[in-house]
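Working from the sequences, and respecting the hints, build out all of it.
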Amino acid sequence: MSEIFNLGLLFSAIRLATPLLLAALGGMFSERSGVINIALEGLMLAGAFTAASMTWYAGSPWVGLLSAIVAGAAIAGIHAVACIRYKADQVVSGTAINILLTGVPALLSGAFFLSSGSTPQIPKEHLMPPSLIITGISLFIFVWSFMRYTPLAKSPKALQVAVTVALVPFIVFVISHTPLRPLLGQPAVIWLAFALVPISFYVLFKTPFGLRLRAVGENPEAADAAGINVRAMRYSAVLLSGALAGIGGAYLSIGQSSLFTRNMSAGRGFIALAALIFGKWRPVQTMLACLLFGFTEAIAIQLQGVHFGGEEIPTQFVQIIPYVLTIVVLAGFIGQSRAPRALGIPYQKER
Amino acid sequence: MKLLRELLFPVIAVLMAFVVGGVIVWIIGDNPFEVYGLLLGSALTWPDGIGYTLFYATPLIFTGLAVAVAFRCGLLNIGAEGQLYAAAFATAWVSIKLGGTVIEDFAGKPVSYGWMSLPAVVLVPVAVLTAVAVGAGWGAIPGWLKARYGAHEVITTIMMNFIAVALVSYFTQYYYKAPGDPIMQSVPIGAAAHIPRLGDFVPGLPQRLPINVAFLLAILACALVYIFLWRTKWGYEIRATGANPSAAEYGGINVRKQIVLAMAVSGALAGMVGISEVLGYRYRYYDGFSAGYGFTGIAVALLGRNHPVGVFFAALLFGMLIRGGIFVDAFSQHVTKDLVEVLQAIVILFVAAEALFRGPFSRFGLLKRSKV
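Order-wise, the sequence lines are chains V and X.
Under the numbering used here, the final residue of the first sequence carries the number 351; numbering is consecutive throughout.
Under the numbering used here, the final residue of the second sequence carries the number 1372; numbering is consecutive throughout.
Simulated from the structure, these hints should not be mistaken for lab results.
Take the hints with a grain of salt, since some may be wrong.
Stated by the list, open to error - Only part of the chain V face toward chain X is listed, based on derived beta-carbon distances under 7 Å:
#1 Ala82
#2 Lys87
#3 Ala111
#4 Ser115
#5 Pro314
#6 Gln316
#7 Thr326
#8 Gly332
Said to hold, decoys possible - With a straight-line Cα cutoff of 30 Å, these simulated DSS-like cross-link-like pairs (lysine-lysine) come out:
#9 X:Lys1002 x V:Lys87
#10 V:Lys280 x X:Lys1257
#11 V:Lys349 x V:Lys206
#12 V:Lys206 x V:Lys280
#13 X:Lys1233 x X:Lys1002
#14 V:Lys157 x V:Lys206
Stated by the list, open to error - Cβ-Cβ distance ranges computed for the label pairs, FRET-style:
#15 X:Glu1034 x V:Ala58: 26 to 34 Å
#16 X:Glu1034 x V:Asn219: 37 to 45 Å
#17 X:Trp1230 x V:Asn219: 34 to 42 Å
#18 V:Leu180 x X:Ser1117: 53 to 61 Å
#19 V:Glu312 x X:Leu1003: 56 to 64 Å
#20 V:Pro151 x X:Gln1173: 53 to 61 Å
Please read all numbers here as calculations on a predicted model, not as lab measurements.
A virtual CB, placed ideally from N, CA and C, is assigned to each residue, including glycine.
Rendered as structure tokens:
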């Protein structure tokens, strides 16, 4: 069994958790504002397809990434208008987006690339590159978020910044001497995704924007009475979720892979949703859930073709772990997972 | 007048979806009129077009009814896809075990997969009931989780979909695949379990068309669902629960029981897809056979206003699109059959956001302005 469980597994778990984490954090903003987002799957596909085709045309992954963000937000915009402006059922609208995005990329790639649903192979040098700068900044944010819990918490900010800055190269040095070393050569988006966890935590719990967002998701009437623009908050949350899921999709097509293929998200949007619920709509727990689900996916991949005692180990049972765990948590067998109170309810301003 | 108003929004939604789809086709560089001509024309030829249209409509009637019944109870069943996979596999399993499937292995030696060979009069009802029961069971689980623990049915049904797909693919791959078969499909079911194709007794309809008696069963299901929802005590209680759970509870209805019942009935209807696919068409379980029937069922139910008659006609429309899509793929220049999915999604969006049309219509006094 030791050839299955090793640190390399952790490496692939982190890699596989990245798209989940991006989509799940996006979903968190949307759901915290009271709009159910089961469209994450479709939003990821939108990001993945746009990233691949724009990178192919422009020859730059940054153009691809940027257009994936725009595409994700635009498609999320349809969901937002339907749910917020026209008070459509949020689950139904999300399902429609998911169906739409299985069709549109295939339709467009058939027309533009004369293929049956995939984009051309993108040359290696145009894929998402590793970036020491982004890695450094992400690590800085990550380490900085732990400063509060160290004895340095009470010391001057300048000292804390200095210590954090000093720690970053040290951590890079340590990582480069462990089996996690290949992570440094991976697309910088991986690091960015994990840096987004403390950022999301800060935005959600420490800023006026986050407070309003949560208020709108818990009790829109009270938030409205307090002068918060419920619609504007929900629009921005849903658009943000589209942008983040779009990055997650871009990572799939021009980070992990080198082209878009039909339905390449393969249910990851739903696993992200599961992670979000498993993580109780909280950033850190959601990250842990994404890592857990990334880990199960990594194990499932490792198990393929592995024989144990003469028998092939079926991967299907490992694959369903995230789904079973989510049901278990949702039913309250392990702890309680409570959704934002106004989740799924369109807000109607009193006349 | 009431009927007219019920018809108005679905018809507008479909027309608008075709307009938006037409614009997309035009942008891609094809003539929208030609594509639509191909799409609808090829679905209406006799016998092939109509035969296939009705065949593709059959699973959609079942899943549409499934979603509609749950919706009448205030539940959104996204899990029809999982329910139909579980049921289809179960009915194939029963038909293999009790139908006495025997296949030849590499050496030409017969290998038996079955326990016994029941005659058709017994086997077909057993196989049909298995599909219904397993679908109902798979649907009842999320219903029970909601009634007992308050777990949201949308999330649990999505998760149950993935679990069903993984489990049936496991059983197919490790136990019921013919040795050396490169395709993920089970061994064939016993011949006694085959249900007749309509071509066997409808004059002019060739036997090669896969349309089978499950289509008649689908029509029957429409009638039964109507009777169940509007003519029985259970149906009344389900609708009361859907309309206002607290009022229903206050009126002495056991809301929790209704939730489980509605999900079980919904799952049973979704499970009937397995009858058409396994017993009437492929004569085996074929992994991944459903082209999103469970999800299209949501569109069918919405477009059909969660009424059996509406579901029937909405399913016919989508059946036409699926049939026509194949021809669009083959004969149009740029557009592929994926156009059908796009149209489907736009229809759902327009039906779901019908407030979009309510505004202009009330402005011209065609509809009373709604209070909300």
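Against the structure, the hints:
1. Ala82: For Ala82 (chain V), the interface hint holds, since the closest Cβ of chain X sits about 4 Å away, which is under 7 Å.
2. Lys87: Since the shortest Cβ distance to chain X is 6 Å, the answer is holds.
3. Ala111: holds (4 Å)
4. Ser115: Hint violated; Ser115 (chain V) Cβ to chain X Cβ min 10 Å, cut 7 Å.
5. Pro314: Where the cut-off is 7 Å and the nearest Cβ of chain X is about 5 Å from Pro314 (chain V), the hint holds.
6. Gln316: holds (4 Å)
7. Thr326: holds (5 Å)
8. Gly332: holds (5 Å)
9. X:Lys1002 x V:Lys87: At roughly 23 Å apart (the allowed maximum being 30 Å), Lys87 (chain V) and Lys1002 (chain X) satisfy the hint.
10. V:Lys280 x X:Lys1257: At roughly 28 Å apart (the allowed maximum being 30 Å), Lys1257 (chain X) and Lys280 (chain V) satisfy the hint.
11. V:Lys349 x V:Lys206: holds (27 Å)
12. V:Lys206 x V:Lys280: Holds - the C-alpha atoms of Lys280 (chain V) and Lys206 (chain V) are around 18 Å apart, at most 30 Å.
13. X:Lys1233 x X:Lys1002: OK: Lys1233 (chain X) and Lys1002 (chain X) at ~25 Å, within 30 Å.
14. V:Lys157 x V:Lys206: holds (18 Å)
15. X:Glu1034 x V:Ala58: 26 to 34 Å: holds (33 Å)
16. X:Glu1034 x V:Asn219: 37 to 45 Å: violated (54 Å)
17. X:Trp1230 x V:Asn219: 34 to 42 Å: holds (38 Å)
18. V:Leu180 x X:Ser1117: 53 to 61 Å: holds (59 Å)
19. V:Glu312 x X:Leu1003: 56 to 64 Å: The hinted range 56 to 64 Å holds for Glu312 (chain V) and Leu1003 (chain X), with Cβ atoms some 59 Å apart.
20. V:Pro151 x X:Gln1173: 53 to 61 Å: Distance hint for Pro151 (chain V), Gln1173 (chain X) holds at roughly 56 Å.
The structure is inconsistent with the numbered hints 4 and 16, although it conforms to all the rest.
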